[in-house]
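**Q** With chain A fixed as given, assemble chain B onto it according to the hints.
Just so you know, the protein sequences line up as chains A and B, in that order. All the letters of the first sequence, read from the start, carry residue numbers 1 to 366 under this note's numbering. All the letters of the second sequence, read from the start, carry residue numbers 1 to 393 under this note's numbering.
Watch out, some of these pointers could steer you wrong.
For lysine-lysine, the following DSSO-like pairs were computed, each having C-alpha atoms within a straight-line distance of at most 30 Å [said to hold, decoys possible]:
1) K206(B) with K20(B)
2) K227(A) with K120(A)
3) K283(A) with K189(A)
4) K189(A) with K386(B)
5) K114(A) with K283(A)
6) K189(A) with K20(B)
7) K114(A) with K123(B)
Just a few of them, taken from the derived set where beta-carbon distance is under 7 Å, the chain A residues facing chain B [stated by the list, open to error]:
8) G201
9) V202
10) K298
Hints were generated in silico from the structure; no laboratory data involved. Cβ coordinates follow ideal geometry from the N, Cα and C atoms, glycine included.
Residue-level listing of the chains:
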Amino acid sequence: MSASSPSQPLRPPSTRLGVWGWMRVNLFNGWFNSLLTVVTVAGLGWVVPPFLRWAFWDALWNTPAEACRVGGGACWSVITKNLRFIIFGFYPHPEQWRPAVAMGLLVALLWYSKDRRRWKRSLGWIWLVALVVMGVLMRGGILGLEPVETSQWSGLPLTLLLSVFGMVAAYPLGVVLALGRRSRLPAVKSLCVAYIELIRGVPLISLLFMSSVMFPLFLPEGVTVNKILRALVAIILFTAAYIAEVVRGGLQAIPRGQYEAAESLGLNYVQTMRLIILPQALKIVIPPTVGILISAFKDTSLVVIIALYDVLNTTKSTLSNPQWMGFSTEAYLFLALLYFLGCFSMSSYSRRLERELTPGTAGRTR
Amino acid sequence: MIQSTSAPAAATPFWNDPAKRALAFQAAVLAVVLAVGYYLFANVQANLARQNIATGFGFLGRESGFEIGESPIAYSAADTYAKALLVGVLNTLRVSFLGIVLTVLLGTFVGIARLSTNWLVSKLAGAYIEVLQDIPVLLQLFFWYALFNEILPSPRQALSPLPGVFLCNRGLLLPIPAAHPAYRWMAAAFVAACVGVWLLRRWARKRQEATGRIFPTFRVGLALLLGLPALAWWLGGAPTAMNVPHLKGFNFRGGLSLSPEFAALLLGLVLYTSAFVAEIVRAGIQSVSHGQTEAAMSLGLTSGQTLNLVILPQALRVIVPPLTSQMLNLTKNSSLAVAIGFPDFVSVANTTINQTGQAIEGVALIMAVYLMFSLSTSAFMNWYNKRIALVER
Chain A
1 MSASSPSQPL RPPSTRLGVW GWMRVNLFNG WFNSLLTVVT VAGLGWVVPP FLRWAFWDAL
61 WNTPAEACRV GGGACWSVIT KNLRFIIFGF YPHPEQWRPA VAMGLLVALL WYSKDRRRWK
121 RSLGWIWLVA LVVMGVLMRG GILGLEPVET SQWSGLPLTL LLSVFGMVAA YPLGVVLALG
181 RRSRLPAVKS LCVAYIELIR GVPLISLLFM SSVMFPLFLP EGVTVNKILR ALVAIILFTA
241 AYIAEVVRGG LQAIPRGQYE AAESLGLNYV QTMRLIILPQ ALKIVIPPTV GILISAFKDT
301 SLVVIIALYD VLNTTKSTLS NPQWMGFSTE AYLFLALLYF LGCFSMSSYS RRLERELTPG
361 TAGRTR
Chain B
1 MIQSTSAPAA ATPFWNDPAK RALAFQAAVL AVVLAVGYYL FANVQANLAR QNIATGFGFL
61 GRESGFEIGE SPIAYSAADT YAKALLVGVL NTLRVSFLGI VLTVLLGTFV GIARLSTNWL
121 VSKLAGAYIE VLQDIPVLLQ LFFWYALFNE ILPSPRQALS PLPGVFLCNR GLLLPIPAAH
181 PAYRWMAAAF VAACVGVWLL RRWARKRQEA TGRIFPTFRV GLALLLGLPA LAWWLGGAPT
241 AMNVPHLKGF NFRGGLSLSP EFAALLLGLV LYTSAFVAEI VRAGIQSVSH GQTEAAMSLG
301 LTSGQTLNLV ILPQALRVIV PPLTSQMLNL TKNSSLAVAI GFPDFVSVAN TTINQTGQAI
361 EGVALIMAVY LMFSLSTSAF MNWYNKRIAL VER
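If we strip away everything but chain A, and leave its shape as in the complex, we get:
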């Protein structure tokens, strides 16, 4: 008995154990941290309970606007009563199941593609077919579906359309620009540098203005391109310049030996890039690329300024209805939650992917 006791592991001191120990270590280590904790808790106690009371206990969830004017809490009715307009905008009422199905398809596909084991050639074909199906659903005109003009596309489907197509089209363009910027051919290089610096130096809304007021002047007489497509082009051109800079960072991080090895194997430029350099470079830059994609997603909201009705603008026009005027806080908080969920899921997915792709750290938590 007494012989075995020295090998028994010593328990940590009791001040480091349990709730109290955790608090000692994390909240009250030293006088400064204790003071900080007390002040912070007091501040939270001042802000959080009134907010909770406003947002939940006193809130009205599905009432007419008149009831909201009387009650003291949040008026979530502004969302529930107008949800259909906020989500679908001016899309014809009886046909709104179509964008709903298209969005559902998109979300389901994104969910399915999350797993890296499913990244095969077939997945690419599935995406292509799904995008065509979504287009047909939105536009109609065949298979007995009522045709719907693009000018009536609005709300959340428009936001998703602008962001998904903006990202998908900007990515390859960005990679090409990055390769051009790293090229040894002076003419190609200076064109790419000029493009990237010019686009990155100006705000997105100047490009959107350009797409809405200047672009029609560039087209020959009689040719018109619809407004959504023009805005989409502006978003693609803008995002591509940012992606190009990120990819350039990745290209610069590849050691020279990799290029030389590829050359000594007799690979030509295209093969070197496609098989050796880009797979490594693009993997390195996953985190910043996701950062760019997240900002592209948020930036689609700027189309409000050229009067496209994305989900932010449908919300705004709901609020301009005299009946619902004055409940902007609730409506904007709802939208903020919507955008937050989108961005947060993207960024946490990118963190997971980064962990999976970095060899040797598979099981490690951040």
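**A** Relative to chain A, chain B alone:
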């Protein structure tokens, strides 16, 4: 062996010669770009001629005919478009400069809070960063603007969080010292103190290099910067009168007033950008390994010297480049002012485009002005970055 030495010179056809191929490829790219450019240019010419739109910047000299809500210089509707655009530029500069200063302060604070050993503070800072980064800045601007218009009371019931400070749907009102000649002397004294500190630093460094003795530059410099203006204030008659905003009729008079548009724009930009700055500051501080602090301590440096001579120079190297792009982002995002009706440059240029129909010139002006901001900011920051960068071999 023999074959391979004799073969190449004669046999390389021109399409296999890398140098010639490169030339041909570049010529093709340039030709395509020029052709597309010419095609667009020709279309523009035809369209402008057909729609009878004037070209050129002649409109800048014409009378603008619109009022601008707030302006740092005297401006009326009878002034020219050029002056209206200048007002826009000054408004953009004002909001960007103030925004950058506040963003750096708040971002540094939150970034340090994120690294606090206090669990609660660190988690709160983390939540602040994650939430504000993930909400579009335009939505945030709308939110703050709506808050000013809907939640805040009218001037008669204005909130007064501090004596003399009022918050109402007409904006934020702050007391400022009443005009007095002494303030001009204080400004002059401050400039003199800045020059003095610069000279003092040079002298102190030279002396340290020559003799090794350290002069308490920071403390003496701070005393100069605070003391000289205070002395000027005291000599100038020590004025204490304040210009406090007071209710007169339906609105406030006196004091410094920030319009709801300006306040909402500033608040939205600062809160949004500071979340990004906080992450940059955190990464910069974390990039300096703890061993550096320990090494500095074991050399016997004081904590002030450790921070000043060891930690900050290394952290700043990591912080400055991304911080520059955040400053530029803030400046560019200030163009969203057009959405909430603050007359920044884009907003004024947009009105000009709508009135004159000269879209190309208008958009070109917008792009030129922002490119100028971007290039000068990054030139300054690159100069600063070069000064603090690691000197290698």
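**Q** Does the closest beta carbon of chain B sit nearer than 7 Å to the beta carbon of V202(A)?
**A** This interface hint holds because 5 Å falls under the 7 Å limit.
**Q** Report holds or violated for the interface hint on G201(A), using the least CB-CB distance to chain B and a cut-off of 7 Å.
**A** Holds, because the Cβ-Cβ distance from G201(A) to chain B comes to roughly 4 Å (cut-off 7 Å).
**Q** Does the alpha-carbon distance linking K114(A) and K283(A) stay inside the 30 Å limit?
**A** Given that 30 Å is the threshold and the Cα spacing comes to 16 Å, the pair holds.
**Q** Run the distance test for K206(B) versus K20(B): straight-line Cα separation, threshold 30 Å.
**A** violated, 57 Å
**Q** Is K283(A) within 30 Å of K189(A), Cα to Cα?
**A** Roughly 24 Å between the alpha carbons, so the hint for K283(A) and K189(A) holds.
**Q** Hint K298(A) vs chain B: min CB-CB distance below 7 Å?
**A** holds, 4 Å
**Q** Measure nothing beyond the straight line between the CA atoms of K114(A) and K123(B); if it is 30 Å or shorter, mark the hint as holding.
**A** holds, 28 Å
**Q** Check the hint pairing K227(A) with K120(A) against an upper bound of 30 Å on the C-alpha distance.
**A** Distance ~35 Å between K227(A) and K120(A) Cα, so the pair is violated.
**Q** Would you mind confirming whether the straight-line C-alpha gap from K189(A) to K386(B) stays at or under 30 Å?
**A** holds, 25 Å
**Q** Starting from K189(A), check that the Cα of K20(B) is at most 30 Å away, please.
**A** Judged against 30 Å, a Cα distance of about 17 Å means the pair holds.
Of the hints listed earlier, those the structure fails to meet are numbers 1, 2, in rising order.
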